Amino acid sequence: MKVKVRYFALVAEITGCSQETLELPAGATAGGALAAAAARHGRLAAPGFTPLLAVNRRHAPQEQPLSEGDEVAIFPPVSGG
Amino acid sequence: MKVKVRYFALVAEITGCSQETLELPAGATAGGALAAAAARHGRLAAPGFTPLLAVNRRHAPQEQPLSEGDEVAIFPPVSGG
Amino acid sequence: MEPGIICRMVTAPIDAAALAAEVARNSDGAVATFAGQVRDHHQGRPVDHLEYHAYPEMALEELRRIGADLAARHAVGRMALVHRTGTLAVGEISVLVAVAAPHRREALACCAAAIEEIKRRLPVWKKEFFADGGAPEWVFGPDEACAAAGAPHPPAREITRG
Amino acid sequence: MEPGIICRMVTAPIDAAALAAEVARNSDGAVATFAGQVRDHHQGRPVDHLEYHAYPEMALEELRRIGADLAARHAVGRMALVHRTGTLAVGEISVLVAVAAPHRREALACCAAAIEEIKRRLPVWKKEFFADGGAPEWVFGPDEACAAAGAPHPPAREITRG
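Quick note, the sequences are listed as chains A, B, C and D, same order. Just so we're aligned: the first sequence equals residues 935 to 1015 in our numbering. Just so we're aligned: the second sequence equals residues 935 to 1015 in our numbering. Just so we're aligned: the third sequence equals residues 703 to 864 in our numbering. Just so we're aligned: the fourth sequence equals residues 703 to 864 in our numbering.
None of these hints come from the bench; they were simulated from the model. Small disclaimer: the values here were computed from a predicted structure and weren't measured. C-beta atoms are modelled at their ideal positions from N, C-alpha and C, and glycine is treated no differently. One or more of the hints may lead you astray.
[Said to hold, decoys possible] Which stretches of chain B does chain C cover? Using the computed rule of at least three CB atoms under 8 Å from a CB of chain C, they are:
| hint | segment |
| --- | --- |
| 1 | 963 to 973 |
| 2 | 1001 to 1012 |
[Stated by the list, open to error] Residues of chain D clear of chain C, computed beta-carbon distances all greater than 12 Å:
| hint | residue |
| --- | --- |
| 3 | ILE707 |
| 4 | ALA714 |
| 5 | ALA718 |
| 6 | GLU763 |
| 7 | ALA770 |
| 8 | HIS776 |
| 9 | ALA800 |
| 10 | ILE817 |
| 11 | PHE832 |
| 12 | ALA837 |
| 13 | GLY843 |
If we strip away everything but chain A, and leave its shape as in the complex, we get:
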């Protein structure tokens, strides 16, 4: 299935793009999308850096299952305010 993956802040600097479409196996999770992104952009997997995930504009755990067309976001710990 295809999902749209968006990158923000330092993660967007690492990937060099703000979004891309990834092809994932059926049954993939949000963590699987992250792994697929890290396979394309190696520095996303740097030790000690754990990006956060959102699915369809809600914070999501790694285990959250994905569906065709979902919007997955990968970003650093938030620092607003």
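Chain A is already provided as a structure; the job is to place chains B, C and D on it using the hints.
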């Protein structure tokens, strides 16, 4: 000794004046000033109504000793804000 | 008065934004403010306006003591403690606290402590004038004391009617 | 969106006084506000300005979820939750919370909870640009997380230098 006694809010309405000078015995306390004021203005001693006291612009307990020329204030529980 | 602690008893309207700007320094990341304003009702009765009376000399000294106490207990920058007296219409600000601090939790905690102390200690009294034509009444003690007492202010009513 | 909960992601300067006025009703006795603003230093280094980046669609939804959660847990009236993005100079307001309520404690508690939730959940990131000529750096996590971690953000630095 002479002390200046000031009345505020409902207490001033009861006494009908905002300040007066009271003659008190040596060794009198803030509570003594209140008792002297209540002797002149009977409704100050109504059951269930306990005015608060200040001496020289600080909250004071009934036992606080007074000196010649002190400014004693008698007022209801505060309700600012 | 401590430098950086702005204490004022005023009769003119309170400008909250001006006071917030007055306390904030460039080294502060947080400004917490609290505004008390005249409500249009109290204990089920419609309020038309309030009169705030003060012991003005003591009130100003008490604000300064409150400010000094707070500054000693909280890691904050500048603060403003301002209370208005006179006749206030519904919606007007009667009291304003503004606290700036490097970090948010100190600013918020100090702001909350300031309004508690002001309500507890400041020699100010309010008289309510009702829109239902009833006689005006003094308010005794902070709101929660009245609420806790059940029937509103019975001793005071006896006195005013006595 | 819940009626009475004003949620905005903005790029223009935040007008705290206008938002406080917008939330206050005549039935409210209390308005608590919190403004976060850009500090002139961070961990000993002089800050020139900040860039705030957001996931804008999610940020707006998250503000609305935070507002709905708070309204369900606190006896408050209207509230405003506003965050700014883009380039902010020292002293400019990055985030503003304004909460009106009948009584002061609810207003203050809800205001404090709101800024905690915003710092914890809102998908916004800030990048610091220093006045000492050093390279800009992303800030990771809320201030206290960085402070608790001892050395500032080592994993992130490794990444940016790697």
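Failing hints, ascending?
1, 5, 9 and 10
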